[in-house]
Structure formats: structure tokens, C-alpha cells
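Number of protein chains: 2
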Amino acid sequence: MLAERVLTGDIRAAAQLMRDIDDDAQGATAHLKHLYPHTGHAHIIGLTGAPGAGKSTLMDGMVHHLRRQGKTVGVLAIDPTSPYSGGAILGDRVRLQRHADDGGVFIKSIATRGHVGGLSRSAFGIATVMDAMGKDVILVETVGAGQDEVDIIHLAHTTIVVITADMGDGIQAVKSGILETADIFALNKADMEGAEIALNEIKMMLSMQQARKSNWAPPVIKTLALRNQGVDELLRRAQDHWNFLKTDGLKDYQKHKMHTEFMIHFRRHLMEQSLSALEHGRKWRETMDSIARYDIDPCSAAEALVHALLKK
Amino acid sequence: MLAERVLTGDIRAAAQLMRDIDDDAQGATAHLKHLYPHTGHAHIIGLTGAPGAGKSTLMDGMVHHLRRQGKTVGVLAIDPTSPYSGGAILGDRVRLQRHADDGGVFIKSIATRGHVGGLSRSAFGIATVMDAMGKDVILVETVGAGQDEVDIIHLAHTTIVVITADMGDGIQAVKSGILETADIFALNKADMEGAEIALNEIKMMLSMQQARKSNWAPPVIKTLALRNQGVDELLRRAQDHWNFLKTDGLKDYQKHKMHTEFMIHFRRHLMEQSLSALEHGRKWRETMDSIARYDIDPCSAAEALVHALLKK
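These protein sequence lines map, in sequence, to chains A and B. Going letter by letter, the first sequence gives residues 11 to 322 in my numbering. Going letter by letter, the second sequence gives residues 11 to 322 in my numbering.
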């Protein structure tokens, strides 16, 4: 059984199971169910920020440092690609390939497939496999926009938000809603003009924030990922946050994460079962035709079909 | 009745209905149903691109030009804000306020509320109201990441993707999946270093694209929104695309849009009805407790609850 083989350290089995999860292959869920009781060991660190902020380069540096500390690492890179292209584009991920021969590093890329919840379902599933493999640290890279990616942020114990000075003024940072989700800020490309101003802006905005969800005050770390500067400091702070969480809020995190994961599966299963029930019936085609002919508006049509599906 | 008043040109009624739609107030759906038959007049233009690309400034220039052409305009600005803050942040929208005293312009901002489909439901609903108000052109601004915003892209007849030269190389553009959704590219901040290179890169990537969904070849227009350069050209091309669509694909667009809108309402209504049925039962609390205690994994729990909900 695939799940058993993952637990004995079989890397090919793990890779196969991750592909199955991402492809939503039959049986993948059964394996995941088997792995759940063997998880909870890994420190899951999320890296989020706009495309071009340097997340991949930073992650590459973090992998390098973690390996020198003797820690095993899982890397999950999430591409905010088009719903049309259907596959992860490697792009700057190529850099990460230098770790490909290192048995202590496992790298997996996934991409949006254009259906709600697909990305977060894959991400939670793959993180479960990496955790069950015994990885010490799991790095998850996302752009962090949209509901799917907001869900993925709940996957991480520690969320590092990567920003750069050229991303516009503070309002842009607030606009993208990153302030509340960050446990740590990495101000990357710290040799860029305006970096000090950006640093102070972020610090000021953090100080203006009123109610924090916890006693943790998010530090702002300057990094220069391309020259490997600040990466050790970033990892130290991530470790600090992990220690903080273990004494202060791990139970809450776990409850929240499990609830998010439940909702991902619930939403998806409910939609799948409902659509499969509908598409086999005559009602579906009739309704679609009526909508196209303007005979019924899309709100009323949706209400009628939901009513026909649910018990009671 | 609110919907009747919207149809007679009552601006306060329109504003109230839009608030109701965005707040998901009781009765809002009934008004929308009333308005649907009075829609289909407006040319809906989407502006999408990363935060900081200059979408708001460009939109401001477009409003100015459209008004000089005597056209009435609806503006729908979608903020990719945090699921925590719960309100639109005006930020650089302040600029748009110069049109606030112009009766021919209606501006509405909405923001993510953290529930799947909420943003797109609001956007489609508000566009329906603006269309029923008789607006000639509706401009919709989004960041265009995540399922919700991908849905919103289906709202627009013409999608303008706003990029800048400093957003990194071509791979970043492909990564964010914007190539397939664009009917027109606006290369904004065209006086920026590297603009010519970026222009050629985009053109090259477009020429490499194999199967287009239609016979329309997306033009790339250089703009300098802050100095109002290229905005007239951009609008001309948008009008060209609208004319193209009217002879070539409006029926397909309409079918696709209605299906998207149906799915938004269906997903949302199904989830709401299901969760409301569940949360009133004992099963829900028991299941949540079991998950938190690791007695059942989140996949199995979701399957069991869905099974309990659906007919047959």
C-alpha cells in the first residue's frame, strides 16, 4: 500500500502519492486518511508575496541553511498560473534543482487548475505526505491572493511575507491584506533604493495595528536573497515563532487548521456530489437552456436546483 | 420598490441596492431578478494586473475620456484586501473622486470578505445594477488572482491586462496566467527603463501562443497613465474589440457569462443551505470535536456530512 511505503521512507511512493493527490486520482484520499495519525511533527513555514518579490530565491537560501543545520526539508511551490494552462511553470524554480540530488530535500510544484478549492486541497494533502515522511521543516510558497490561497496560509505555522521596496507605498501593502497574516516580514532586495523608507513604513504600520491576534510582534528582517544575506536571521526568527507557538497557541493553530482542511474537503465533496447528481438529470440541461434564453435568471435557477438536491 | 426606482434613474436607489447586494442583505436577490431583463446594453471592460501596475490611474484617465465622448460610465473597483479587515480601502481611489460630482459617473468599491464566491457574487450583481441604470461603459478593476477573480474576468466583454516593465521578465507574466485572459495589453509606465524590452517580450510571447480562442489578436498599447498618454488609443482598441465581439462572439460570451453567474449563485446557495442545515444539528459539533481530537480525519468527516445532506 502506497501510504505504508511512505511511512517506511520510500521516496518514490511519496512522489507517486503526491501526484495522485494533485491529479485527484481515485484512492488518494484513502491513503491520506491513513497518513493523518502520523503527522504533526513538521514546522510548516509559508512564504507569501507578490510575483517577482524573490520568494523562490529566498526559499532556495532557506533550504541551503536548513540542510547545513542537518534538518530535512519539504518544499511546496504553488504557482498562481492560469486556469487554462493546467500545469506548473518551473521558471525561477530551476534554481531549486541544485537540491534535487540531496535526499534530505523533497521539492513539489503545483498549479491552479481553475476549480475552486483544488489548489488548497492539493496543498494540504501534499503537506500531510511531507509531514508523514518525517520532514523537519516544510516550506510553502504562495502568492497569497484569492480564497484558495488564503486557505493555504492557514496551513502554515509561521507565515513569512516577502515584500520589496519597489512594490509601491504602504497602502499597497495594506491593500493586499498582508499585514494581518504576517508572523514575520522579509524586506527582500534590501540593497534597492528606498529600502530604508519601506522598512520604516512597514514598522510604522505594524505599530499602528491595534489588536494583534496574539502576543507575537512580527519582526521585519532585511534580506538580499540573491547574495544569501539575512537568510540565517530569517530562519532564526521563524524558529523563535515556532517556539512561541509551542508554548502559546499550537492547540488553537491545530484546531483552526483542521477546520480549514475539513471545509476544503466539505466544499469540494458537496459540489462534486451535487453536480454529478445534477448533470445526470434532465433538469440540468433544461435549466442551462432557460438561462441562455433569458427565460429564468441565474439566481432563481440556482435556488431551484439547490432545493431539488438537499434533503428535507 | 428599489429595482423599479433604479430603472427610472434613481441614483440613491441604485447606491442602496448595490450596498444591499454587497452586504448580502435580505431581498437583494429579488431586486436583481427584476433587473436582469433590463440588462445587456453596457460594454463591460475589465482592467486586471498586479497591485501597483497603475490600474486605478489608468481607469481614472479612461473615465475622463469616456465622459468627453458623452458616454455614461460605471466604475467597479475590487480591492484584494484581507479577509480580516472587511472593507474596501480607498487608497489611490481618492483620485477617482474628482468624478464624484459628475452625474454621468457612478463609482463603487468592494472588497473581499473572506468567503468563497462573495466577491464575484457582489461584482456580477453590481454590474447588473449599473447595466440596468443604462451606463454605456462599465469599468471593472481587479488584481485577477484566485478563483473569485478569475470568475470576475468572465464578467468583462473586453479584458485589458495592465503590466509594467519592472514586474520582472516574461516568465512572471506567464506565471500569473494573464496571457490567455487578455484581449488588450496596456504596458503602463511606458517611460520606465526597460519598457521597450518588455514590449517586445510580450509581443514575442503572444506570437508564440498557438491556439487563440478567437480571431482577435491582442494588441499591446503603451500607456503613461499619470500623464494621460495612450489612454485614447486604449479606448479605441477596446471599442474595436467590442465591435469585433458584436459580429463574432457575443452569443458565446453571453452564454459563458450566464453560466459563470449561475455557478456563483449555485455554489454559494448550496454551501449556505448545507451549512445552515448542519449547524443546527448535533452532528456538526460532534464532528468538529472528533476532528480536533484526531478521532476522525477531515476527509472522512466531510464525506460523511455530505452524505447525510444530499437526497438519495
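For the record, the hints were derived by calculation from the structure and aren't laboratory data. These figures come from a predicted structure and were not determined experimentally. Hints may contain errors.
Identical chains blur together in the list; that is why a pair holds if it fits in one copy or across any two.
Claimed, not checked - Here are the computed lysine to any residue pairs in the SDA-like style, where the Cα-Cα straight-line distance is at most 25 Å:
{"hint": "1", "residue 1": "Lys81", "residue 2": "Asp34"}
{"hint": "2", "residue 1": "Lys261", "residue 2": "Ile207"}
{"hint": "3", "residue 1": "Lys213", "residue 2": "Asp146"}
{"hint": "4", "residue 1": "Lys43", "residue 2": "Leu288"}
{"hint": "5", "residue 1": "Lys321", "residue 2": "Leu234"}
{"hint": "6", "residue 1": "Lys267", "residue 2": "Ser217"}
{"hint": "7", "residue 1": "Lys267", "residue 2": "Asp201"}
{"hint": "8", "residue 1": "Lys293", "residue 2": "Glu282"}
{"hint": "9", "residue 1": "Lys232", "residue 2": "Asp176"}
{"hint": "10", "residue 1": "Lys81", "residue 2": "Lys321"}
{"hint": "11", "residue 1": "Lys322", "residue 2": "Thr257"}
{"hint": "12", "residue 1": "Lys261", "residue 2": "Asp305"}
{"hint": "13", "residue 1": "Lys81", "residue 2": "Gln239"}
{"hint": "14", "residue 1": "Lys213", "residue 2": "Lys261"}
{"hint": "15", "residue 1": "Lys322", "residue 2": "Arg246"}
{"hint": "16", "residue 1": "Lys81", "residue 2": "Ile163"}
{"hint": "17", "residue 1": "Lys267", "residue 2": "Gly113"}
{"hint": "18", "residue 1": "Lys261", "residue 2": "Asn225"}
{"hint": "19", "residue 1": "Lys321", "residue 2": "Gly204"}
{"hint": "20", "residue 1": "Lys293", "residue 2": "Ala318"}
{"hint": "21", "residue 1": "Lys81", "residue 2": "Arg292"}
{"hint": "22", "residue 1": "Lys265", "residue 2": "Gly291"}
{"hint": "23", "residue 1": "Lys322", "residue 2": "Met11"}
{"hint": "24", "residue 1": "Lys321", "residue 2": "Glu296"}
{"hint": "25", "residue 1": "Lys322", "residue 2": "Ala40"}
Now for the hints, and whether the structure bears them out:
no. : hint             : in the structure
1   : Lys81 to Asp34   : neither (30 Å within a copy, 49 Å between copies)
2   : Lys261 to Ile207 : neither (38 Å within a copy, 51 Å between copies)
3   : Lys213 to Asp146 : neither (31 Å within a copy, 45 Å between copies)
4   : Lys43 to Leu288  : between (28 Å within a copy, 23 Å between copies)
5   : Lys321 to Leu234 : neither (57 Å within a copy, 57 Å between copies)
6   : Lys267 to Ser217 : neither (27 Å within a copy, 44 Å between copies)
7   : Lys267 to Asp201 : neither (37 Å within a copy, 46 Å between copies)
8   : Lys293 to Glu282 : both (17 Å within a copy, 22 Å between copies)
9   : Lys232 to Asp176 : both (14 Å within a copy, 21 Å between copies)
10  : Lys81 to Lys321  : neither (51 Å within a copy, 50 Å between copies)
11  : Lys322 to Thr257 : neither (46 Å within a copy, 47 Å between copies)
12  : Lys261 to Asp305 : between (52 Å within a copy, 15 Å between copies)
13  : Lys81 to Gln239  : within (20 Å within a copy, 54 Å between copies)
14  : Lys213 to Lys261 : neither (29 Å within a copy, 52 Å between copies)
15  : Lys322 to Arg246 : neither (55 Å within a copy, 54 Å between copies)
16  : Lys81 to Ile163  : within (23 Å within a copy, 43 Å between copies)
17  : Lys267 to Gly113 : neither (29 Å within a copy, 48 Å between copies)
18  : Lys261 to Asn225 : within (15 Å within a copy, 56 Å between copies)
19  : Lys321 to Gly204 : neither (60 Å within a copy, 60 Å between copies)
20  : Lys293 to Ala318 : both (10 Å within a copy, 23 Å between copies)
21  : Lys81 to Arg292  : neither (57 Å within a copy, 44 Å between copies)
22  : Lys265 to Gly291 : between (39 Å within a copy, 20 Å between copies)
23  : Lys322 to Met11  : neither (40 Å within a copy, 32 Å between copies)
24  : Lys321 to Glu296 : both (22 Å within a copy, 20 Å between copies)
25  : Lys322 to Ala40  : between (30 Å within a copy, 23 Å between copies)
In the structure shown, a violation is registered for the earlier hints numbered 1, 2, 3, 5, 6, 7, 10, 11, 14, 15, 17, 19, 21, 23, in ascending order.
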